[in-house]
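K.L.:
Here is how the chains run, residue by residue.
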Amino acid sequence: MSEEYIIKQLSIFSENKAGKLAAIAKIFLDAGISIQAFYIAEANNFGVVRAIVDKPEVAFEAFAKKNYVLKYTDVLAIKMNDVPGGLYEVVGLLGDLGINIEYSYGYRTKDYGALIAKVENPAEAVEKIKNSGLELLPAKDYNF
Amino acid sequence: MKYYNEKIETMPKPEMEKLQYQELKQLVTRLYANSPFYSGKMKEAGVRPDDIKCIQDITKLPFMRKTDLRDNYPDKLVCVPKDDVVRYHVSSGTTGKPTVVAYTQGDIDNLWTEALARSLVSCGIGKKDVLQVCYGYGLFTGGLGLHYGGEKVGATVIPASTGNSERQIELAQDLGSTAIACTPSYLIHLLDVAEKMGVDIRKDTKVRTAILGAEPWTDEMRKYIYEKSGIVAHNIFGTSEISGPMFTDCSELNGIHIGADLAYVEIIDPETGEQLEPGERGELTMTVLKKEAIPMVRYRIGDITSILEEDCPCGRTSPRIARLSGRVDDMLIIRGINVFPSAVEHALLKNSFLTSHFMIEVSREGRLDDMLVKVEIKPDAMTDGVNGLMEMQRIAERTLRDALNVSARVELCPPNSLPRFEGKARRVIDKRVM
Numbered sequence: 321m322s323e324e325y326i327i328k329q330l331s332i333f334s335e336n337k338a339g340k341l342a343a344i345a346k347i348f349l350d351a352g353i354s355i356q357a358f359y360i361a362e363a364n365n366f367g368v369v370r371a372i373v374d375k376p377e378v379a380f381e382a383f384a385k386k387n388y389v390l391k392y393t394d395v396l397a398i399k400m401n402d403v404p405g406g407l408y409e410v411v412g413l414l415g416d417l418g419i420n421i422e423y424s425y426g427y428r429t430k431d432y433g434a435l436i437a438k439v440e441n442p443a444e445a446v447e448k449i450k451n452s453g454l455e456l457l458p459a460k461d462y463n464f
Numbered sequence: 014m015k016y017y018n019e020k021i022e023t024m025p026k027p028e029m030e031k032l033q034y035q036e037l038k039q040l041v042t043r044l045y046a047n048s049p050f051y052s053g054k055m056k057e058a059g060v061r062p063d064d065i066k067c068i069q070d071i072t073k074l075p076f077m078r079k080t081d082l083r084d085n086y087p088d089k090l091v092c093v094p095k096d097d098v099v100r101y102h103v104s105s106g107t108t109g110k111p112t113v114v115a116y117t118q119g120d121i122d123n124l125w126t127e128a129l130a131r132s133l134v135s136c137g138i139g140k141k142d143v144l145q146v147c148y149g150y151g152l153f154t155g156g157l158g159l160h161y162g163g164e165k166v167g168a169t170v171i172p173a174s175t176g177n178s179e180r181q182i183e184l185a186q187d188l189g190s191t192a193i194a195c196t197p198s199y200l201i202h203l204l205d206v207a208e209k210m211g212v213d214i215r216k217d218t219k220v221r222t223a224i225l226g227a228e229p230w231t232d233e234m235r236k237y238i239y240e241k242s243g244i245v246a247h248n249i250f251g252t253s254e255i256s257g258p259m260f261t262d263c264s265e266l267n268g269i270h271i272g273a274d275l276a277y278v279e280i281i282d283p284e285t286g287e288q289l290e291p292g293e294r295g296e297l298t299m300t301v302l303k304k305e306a307i308p309m310v311r312y313r314i315g316d317i318t319s320i321l322e323e324d325c326p327c328g329r330t331s332p333r334i335a336r337l338s339g340r341v342d343d344m345l346i347i348r349g350i351n352v353f354p355s356a357v358e359h360a361l362l363k364n365s366f367l368t369s370h371f372m373i374e375v376s377r378e379g380r381l382d383d384m385l386v387k388v389e390i391k392p393d394a395m396t397d398g399v400n401g402l403m404e405m406q407r408i409a410e411r412t413l414r415d416a417l418n419v420s421a422r423v424e425l426c427p428p429n430s431l432p433r434f435e436g437k438a439r440r441v442i443d444k445r446v447m
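Residue numbers (the working numbering), protein chains in the order written: chain R, 321 to 464; chain C, 14 to 447.
If you're looking for bench data, these hints aren't it; they were derived computationally from the structure.
Any given hint could turn out to be false.
Claimed, not checked - The list that follows gives simulated cross-link-like pairs (lysine-lysine, DSS-like), each with its CA atoms no further than 25 Å apart:
id	chain 1	residue 1	chain 2	residue 2
1	R	K386	C	K387
2	R	K391	C	K89
3	R	K438	R	K375
4	C	K20	R	K346
5	C	K303	C	K89
6	C	K165	R	K391
7	C	K391	R	K386
8	C	K391	R	K438
9	R	K391	R	K430
10	C	K165	C	K140
11	C	K141	C	K20
12	C	K387	R	K340
13	R	K337	C	K140
14	C	K140	R	K328
15	R	K337	C	K303
16	C	K209	C	K15
17	C	K391	R	K340
18	C	K391	R	K385
19	C	K303	C	K15
20	C	K20	R	K385
21	R	K391	C	K363
Said to hold, decoys possible - Computed list of chain C residues with no C-beta within reach of chain R, every gap over 12 Å:
id	residue
22	M14
23	P49
24	D97
25	P172
26	S174
27	G176
28	T285
29	G328
30	N400
31	Q406
32	I442
Every residue, glycine too, gets a C-beta built ideally from N, C-alpha and C.
My request is simple: use the sequences and hints to build the entire structure.
P.N.:
Take a look at the structure:
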């Protein structure tokens with residue numbers, strides 16, 4: 321089943337101004353949310369804050385209550401070996417599988433690295449990746 | 014040549030009032046017979062053409078407003094046979110519908126061009142001059158209006174239109190322009206461009222006169238322009254509803270002469286509609302006495318000004334109006350184009366992803382007006398990708414440009430981030446320093 325690998329990421333609209341990110345961080349804090357991975361895409365005057373958190377529904381509620389515009393986005397996490405070429409191995413194989421990465425960001429735990437990827441059709445991508453030798457990290461590792 | 018039409022321009026006041034009365038009487042009689050719109054208004058007000066017995070009786074007549082043009086879009090106010098209409102100009106309206114103005118040949122020749130010919134001569138422009146018209150040509154009235162006026166006085170006209178500033182300077186140098194017609198902010202921009210190009214307006218060009226209008230400006234700007242370039246800047250007034258740009262100040266540079274046989278000018282209290290005395294400030298209201306296709310009677314232009322009492326040393330007997338000092342409504346003028354916040358709202362709401370919570374910030378970036386529209390997006394419009402949001406911004410900018418005929422930047426904002434208004438909305442922050 322592909323669902324167990326599909327991670328709920330929050331995409332939060334924010335103005336690109338001093339203090340706005342702090343306001344967002346404060347909402348996470350007040351709601352008792354732990355952030356697993358985090359990335360900001362910026363345009364001229366606004367940005368989209370993307371965050372993977374332990375309790376996405378609780379976080380969503382907290383932001384909605386404060387009149388933030390946000391939505392869930394499905395992303396995948398693929399394990400990377402923390403060695404030179406780790407990224408190349410993963411994205412090379414994804415390329416071979418014909419999976420286009422719309423955007424991605426990486427992070428590392430003390431044991432391994434991981435690539436968070438937004439792809440066009442996550443369910444289909446999961447099936448392809450599962451048989452490719454790459455290791456998908458299960459959603460329960462992120463969204464508890 | 015001192016006057017273009019000396020007899021009329023210097024006609025003693027009592028004689029002129031008789032002429033104005035005759036024109037008004039004819040106009041009202043024609044409207045009563047041919048304009049379902051205005052005859053309806055007259056009947057409502059209980060006034061008949063017979064009730065007009067002198068020019069002062071004009072106060073018995075009902076007002077017209079810009080919304081009348083919108084409500085009768087596109088041509089329900091035209092009261093001549095369709096075949097007699099020779100041109101349309103179109104400007105942006107108060108909401109979605111633009112304002113359409115129709116002209117007969119008489120409107121163009123005997124009213125608009127006549128007015129401009131007199132005005133240009135009063136600014137010292139004649140046969141020997143080369144007039145570079147840098148107002149937009151097209152639906153906007155500025156370009157074609159000045160063009161016809163310039164040709165009428167025998168000047169050589171360069172239909173340069175707007176934009177391409179370096180080329181404008183080259184044209185002025187190569188073709189020997191002596192006068193230039195444009196918005197005040199654009200002239201100041203051109204002076205900066207000339208400076209960057211190493212062109213000294215005084216030495217390297219023959220430009221000595223400017224006809225500036227379509228946006229608010231000040232005597233300080235006039236002084237700045239003169240000191241920087243030696244160009245004497247005249248002020249021109251008009252709106253598309255009365256034809257387009259028509260009336261200017263004279264060599265005295267003190268108030269705009271309103272050709273009295275062409276238009277009857279009143280200043281009214283915007284609250285009560287009462288006519289005010291010369292010298293008192295109020296809303297400019299104009300009756301165009303010679304208009305055929307779409308007559309405008311007691312048209313409330315919305316600009317705030319006063320009638321100057323003293324006779325003008327230039328010898329013209331026509332009344333003069335002081336520099337406009339504001340608006341009775343929230344109309345903005347951006348790079349010479351009229352913009353109503355209501356029209357901005359109307360345009361924004363064509364996009365399903367936007368709300369009606371918006372703010373307009375106007376500034377002068379360098380020398381040109383910059384309009385920024387901040388608008389809150391709907392919560393369900395959120396996309397994960399920046400591209401999707403940028404696309405929304407571009408679409409919103411396009412709808413604004415299409416609706417207003419002037420470009421504006423759009424900034425998407427989260428819900429509840431912009432001010433809310435309990436009484437009258439104050440959506441405009443104008444940071445321009447004139």
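K.L.:
Hint check: R:K391 vs C:K363, CA-CA at most 25 Å. Holds or violated?
P.N.:
Given that 25 Å is the threshold and the Cα spacing comes to 23 Å, the pair holds.
K.L.:
Check the non-interface label on C:I442: least C-beta distance to chain R beyond 12 Å or not.
P.N.:
Check passes; 16 Å lies beyond 12 Å.
K.L.:
Using Cβ atoms and 12 Å as the threshold, tell me whether C:G176 really stays out of contact range of chain R.
P.N.:
24 Å, holds
K.L.:
Does C:Q406 clear chain R by more than 12 Å, comparing its Cβ with all Cβ atoms of that chain?
P.N.:
8 Å, violated
K.L.:
Quickly compare the C-alpha distance for C:K141 and C:K20 to 25 Å and report which way the hint goes.
P.N.:
Since the Cα atoms of C:K141 and C:K20 sit roughly 23 Å apart, the hinted pair holds (cutoff 25 Å).
K.L.:
Is C:K391 close enough to R:K385, meaning Cα to Cα at most 25 Å?
P.N.:
Holds, because 15 Å separates the two Cα atoms, which is no more than 25 Å.
K.L.:
Compare the distance between the alpha carbons of C:K303 and C:K15 with 25 Å, and conclude whether the hinted pair is satisfied.
P.N.:
Answer holds: C:K303 to C:K15 is near 24 Å, not above 25 Å.
K.L.:
Would the hint linking R:K337 and C:K303 be met if the CA-CA limit is 25 Å?
P.N.:
56 Å, violated
K.L.:
Take a quick look at whether C:K20 and R:K346 sit within 25 Å of each other, Cα to Cα.
P.N.:
Given pair C:K20, R:K346 is violated - Cα atoms ~78 Å apart, limit 25 Å.
K.L.:
Given the proposed pairing of R:K337 with C:K140, does the C-alpha separation stay at or below 25 Å?
P.N.:
58 Å, violated
K.L.:
Taking 12 Å as the cut and beta carbons as the points, is C:P49 off the interface with chain R?
P.N.:
50 Å, holds
K.L.:
Are the Cα positions of R:K391 and R:K430 separated by 25 Å at most?
P.N.:
Distance of about 30 Å is beyond 25 Å: violated.
Violation of the numbered hints given earlier is confined to hints 2, 4, 6, 9, 13, 14, 15, 16, 20, 30 and 31; the remaining hints are satisfied by the structure.
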